[in-house]
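First to last, the protein sequences are chains A and B. Our numbering applies: residue 28 is where the first sequence begins, and numbers increase by one. Our numbering applies: residue 28 is where the second sequence begins, and numbers increase by one.
Warning: the hint list may mix true and false statements.
You can't tell identical chains apart in this list, so a pair holds if it fits in one copy or across any two.
[As the list claims (entries may be wrong)] DSSO-like mimics (lysine-lysine), calculated; alpha carbons at most 30 Å apart, straight line: (1) Lys-298 to Lys-63; (2) Lys-154 to Lys-88; (3) Lys-154 to Lys-298; (4) Lys-88 to Lys-152; (5) Lys-298 to Lys-48; (6) Lys-74 to Lys-298; (7) Lys-104 to Lys-298; (8) Lys-298 to Lys-185; (9) Lys-88 to Lys-298; (10) Lys-48 to Lys-88; (11) Lys-104 to Lys-63; (12) Lys-185 to Lys-74.
Because the hints were derived from the structure by calculation, they are not lab data. Every value quoted in this text rests on a predicted model; they were computed, and no experiment measured them.
There are 2 protein chains.
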Amino acid sequence: MGTLGIVGLGLIGGSLGLAIKRAEPVDTTIIGYDRKPDVANRALQAKAVDRLVPEIEDLAKEATLIIVATPIISMRKVFETMAPYLRPNVVVTDTASTKSEVLRWARDLLPRNVHFVGGHPMAGKEKSGPQAAEASLFEGRTYCIVPGMDAGPGAVQKVLDIVAAVGAVSHFMDADEHDSYAAAISHVPLVASLALFNLAHDTQAWPELAAMTGPGFRDLTRLASGQPEMAHDIFLTNQANIIHWLDRYIGELMRLAEAIAGDDGEGLFRKLVEIQMERDSFLENPPKRDRPEVSSEVDIPGAGETFMHMMAGNLWRQRANEIMKTMEDRQAARKLEERMRRRE
Amino acid sequence: MGTLGIVGLGLIGGSLGLAIKRAEPVDTTIIGYDRKPDVANRALQAKAVDRLVPEIEDLAKEATLIIVATPIISMRKVFETMAPYLRPNVVVTDTASTKSEVLRWARDLLPRNVHFVGGHPMAGKEKSGPQAAEASLFEGRTYCIVPGMDAGPGAVQKVLDIVAAVGAVSHFMDADEHDSYAAAISHVPLVASLALFNLAHDTQAWPELAAMTGPGFRDLTRLASGQPEMAHDIFLTNQANIIHWLDRYIGELMRLAEAIAGDDGEGLFRKLVEIQMERDSFLENPPKRDRPEVSSEVDIPGAGETFMHMMAGNLWRQRANEIMKTMEDRQAARKLEERMRRRE
Numbered sequence: 028m029g030t031l032g033i034v035g036l037g038l039i040g041g042s043l044g045l046a047i048k049r050a051e052p053v054d055t056t057i058i059g060y061d062r063k064p065d066v067a068n069r070a071l072q073a074k075a076v077d078r079l080v081p082e083i084e085d086l087a088k089e090a091t092l093i094i095v096a097t098p099i100i101s102m103r104k105v106f107e108t109m110a111p112y113l114r115p116n117v118v119v120t121d122t123a124s125t126k127s128e129v130l131r132w133a134r135d136l137l138p139r140n141v142h143f144v145g146g147h148p149m150a151g152k153e154k155s156g157p158q159a160a161e162a163s164l165f166e167g168r169t170y171c172i173v174p175g176m177d178a179g180p181g182a183v184q185k186v187l188d189i190v191a192a193v194g195a196v197s198h199f200m201d202a203d204e205h206d207s208y209a210a211a212i213s214h215v216p217l218v219a220s221l222a223l224f225n226l227a228h229d230t231q232a233w234p235e236l237a238a239m240t241g242p243g244f245r246d247l248t249r250l251a252s253g254q255p256e257m258a259h260d261i262f263l264t265n266q267a268n269i270i271h272w273l274d275r276y277i278g279e280l281m282r283l284a285e286a287i288a289g290d291d292g293e294g295l296f297r298k299l300v301e302i303q304m305e306r307d308s309f310l311e312n313p314p315k316r317d318r319p320e321v322s323s324e325v326d327i328p329g330a331g332e333t334f335m336h337m338m339a340g341n342l343w344r345q346r347a348n349e350i351m352k353t354m355e356d357r358q359a360a361r362k363l364e365e366r367m368r369r370r371e
Numbered sequence: 028m029g030t031l032g033i034v035g036l037g038l039i040g041g042s043l044g045l046a047i048k049r050a051e052p053v054d055t056t057i058i059g060y061d062r063k064p065d066v067a068n069r070a071l072q073a074k075a076v077d078r079l080v081p082e083i084e085d086l087a088k089e090a091t092l093i094i095v096a097t098p099i100i101s102m103r104k105v106f107e108t109m110a111p112y113l114r115p116n117v118v119v120t121d122t123a124s125t126k127s128e129v130l131r132w133a134r135d136l137l138p139r140n141v142h143f144v145g146g147h148p149m150a151g152k153e154k155s156g157p158q159a160a161e162a163s164l165f166e167g168r169t170y171c172i173v174p175g176m177d178a179g180p181g182a183v184q185k186v187l188d189i190v191a192a193v194g195a196v197s198h199f200m201d202a203d204e205h206d207s208y209a210a211a212i213s214h215v216p217l218v219a220s221l222a223l224f225n226l227a228h229d230t231q232a233w234p235e236l237a238a239m240t241g242p243g244f245r246d247l248t249r250l251a252s253g254q255p256e257m258a259h260d261i262f263l264t265n266q267a268n269i270i271h272w273l274d275r276y277i278g279e280l281m282r283l284a285e286a287i288a289g290d291d292g293e294g295l296f297r298k299l300v301e302i303q304m305e306r307d308s309f310l311e312n313p314p315k316r317d318r319p320e321v322s323s324e325v326d327i328p329g330a331g332e333t334f335m336h337m338m339a340g341n342l343w344r345q346r347a348n349e350i351m352k353t354m355e356d357r358q359a360a361r362k363l364e365e366r367m368r369r370r371e
């Protein structure tokens, strides 16, 4: 790989260094820079990089392949600082969670003879910094690749070599597609997690609620403990997509609320069985990535769906009698109470 | 403990049996019943119970302490079936995730000389059945105790002995309080999880989205793989509370959406820092459970809050310059684009 430069040596930058070194690519030297000296020194001690350089400019002058793994908002400044010093035909990639703005900055700020290939490893944890870095962070993870307009196939291949070295699976997309999809499966879950924590925390009863929490609450609010810088930068650079998907998410919640408040116990149960089955099949056998040639607005139920309706139906019938009885009893109890009240 | 009877030998019933036997209480025999013979046999093989009884009536006749660990909706029927056969002064407890309906059924259906003490161990996992049972399931978990109106202190103590034997921490509440709080920290997270899975799954782009998912999406949708029966019964027996807290949850989401869509980057960042700090302090040092004697509608910021505002402010200042520059550039770029458009 030649001289690989990593700018930003926190969780992602540090883990990439460790993972690449573990793969032992021939003739590769990793040089690193972080604007925080303690972060840089920790990464060096952990052997995530072979040596440190004192300034971004030094890294730009020397590296033939550069990974920018700083917070998103800082990337703009990093590109600007590196630009005058970059070698001709150098390949620059990044690790930002949003891609449209970053690709725009790269296009506007980097020289034309620089190949920019956007990257986004779908990995992370709520702990940050080089002390949380690990070589196995990317194993089996999806690694989105969003080549810039001027990136040649050779440049893309160099980034694919990194993806392979760290054990991840590459996934080509364009920037708009990436940012919309990332909003749905990553940024809205983050907002959902923040809101769930707030919901419980911003009440007089919080001490009571906190004492009652189990593993469900902890898992569902895990993302609320992520770096606020990261959340902030994601929100700032993907506003429109996040608002769009949040709106749809609120719609989903309202539909579920209606089903919960409604009288159609069978419909509710059927829906719950379907969601469980679909999620289990997603875990066991993730859907293949192939775009249908013709996209149809009319949803025709496939064989799978029919099977699921049947399964849900059978499970339902087993429970229907019990539930019916309960409903009848509850109604009877209510009528009785009403009659008692009227007598008083 | 004498003869302990467990009705329902799935994840919770089976785990309680294993955990109680591990504690080796003197002079205790555990007898078990499950209406599904394979579930019953599996629990016996796993030594979660000492022996099985063929009918609920047999268990009712023999046991001096009974744990009902069936699905919530089935408990009504279990109480009804057991009622004529129960020994005088027997203690009956349950493990349901909602308490108001269950306590009502116990009051209406069990004889007056039976002591009912509602229970709810805040433990579980998305896998169900006796094969998922484990003795350590309740270790360190909160175990809510909701005594029925006619339960004497001796009866409550017997249930506390079980809580201690399985390594859990008891937490007294009344049924309405329990169901409201459980809606906030357990049932709304469940709905949030179901809705997040639906959001991504119910789109044409699902294969694309699925391929991109990382650990965040998996964790946040974990509860969607729970038993549909359990979700259904929770929703059916806690409708009003869930709707109330879902409404507040949607309010939280809308407030976050506003902050994300708005121009106040500092306010957004400050909010994110506060949530992260509050969640971290919740994990490290959960708030003590003490109800303030006077509950005030006016929130006066405490010392902690002021400290957090200060911390958030400092972190913010470090980033403000970078972000300001980015904003200015973006605005400049937009203005440039507009000017270009007007020229065309």
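Lys-298 and Lys-63: within-copy, between-copy, both or neither at 30 Å Cα: Answer is between; shortest inter-copy Cα gap is 24 Å, intra-copy 51 Å.
Intra/inter-copy verdict for Lys-48 and Lys-88 if alpha-carbon distance must be at most 30 Å: within (22 Å within a copy, 68 Å between copies)
Homomeric proximity label, Lys-298 with Lys-185: Cα distance no greater than 30 Å: neither (46 Å within a copy, 40 Å between copies)
Copy assignment of Lys-88 with Lys-152, given that the CA separation must stay at most 30 Å: Cα proximity of Lys-88 and Lys-152: none, with 32 Å in one copy and 53 Å across.
30 Å Cα threshold - placement of Lys-88 relative to Lys-154: neither (32 Å within a copy, 54 Å between copies)
Alpha-carbon proximity context of Lys-88 and Lys-298, limit 30 Å: neither (58 Å within a copy, 40 Å between copies)
Copy assignment of Lys-298 with Lys-48, given that the CA separation must stay at most 30 Å: neither (48 Å within a copy, 38 Å between copies)
Homomeric proximity label, Lys-104 with Lys-63: Cα distance no greater than 30 Å: within (15 Å within a copy, 65 Å between copies)
Alpha-carbon proximity context of Lys-104 and Lys-298, limit 30 Å: between (49 Å within a copy, 25 Å between copies)
Lys-74 and Lys-298: within-copy, between-copy, both or neither at 30 Å Cα: neither (51 Å within a copy, 36 Å between copies)
Status of Lys-74 relative to Lys-185 across identical chains (alpha carbons, at most 30 Å): Answer is within; shortest intra-copy Cα gap is 22 Å, inter-copy 57 Å.
Intra- versus inter-copy proximity for Lys-298 and Lys-154 (alpha-carbon distance at most 30 Å): between (36 Å within a copy, 19 Å between copies)
The earlier numbered hints that this structure contradicts are 2, 4, 5, 6, 8, 9.
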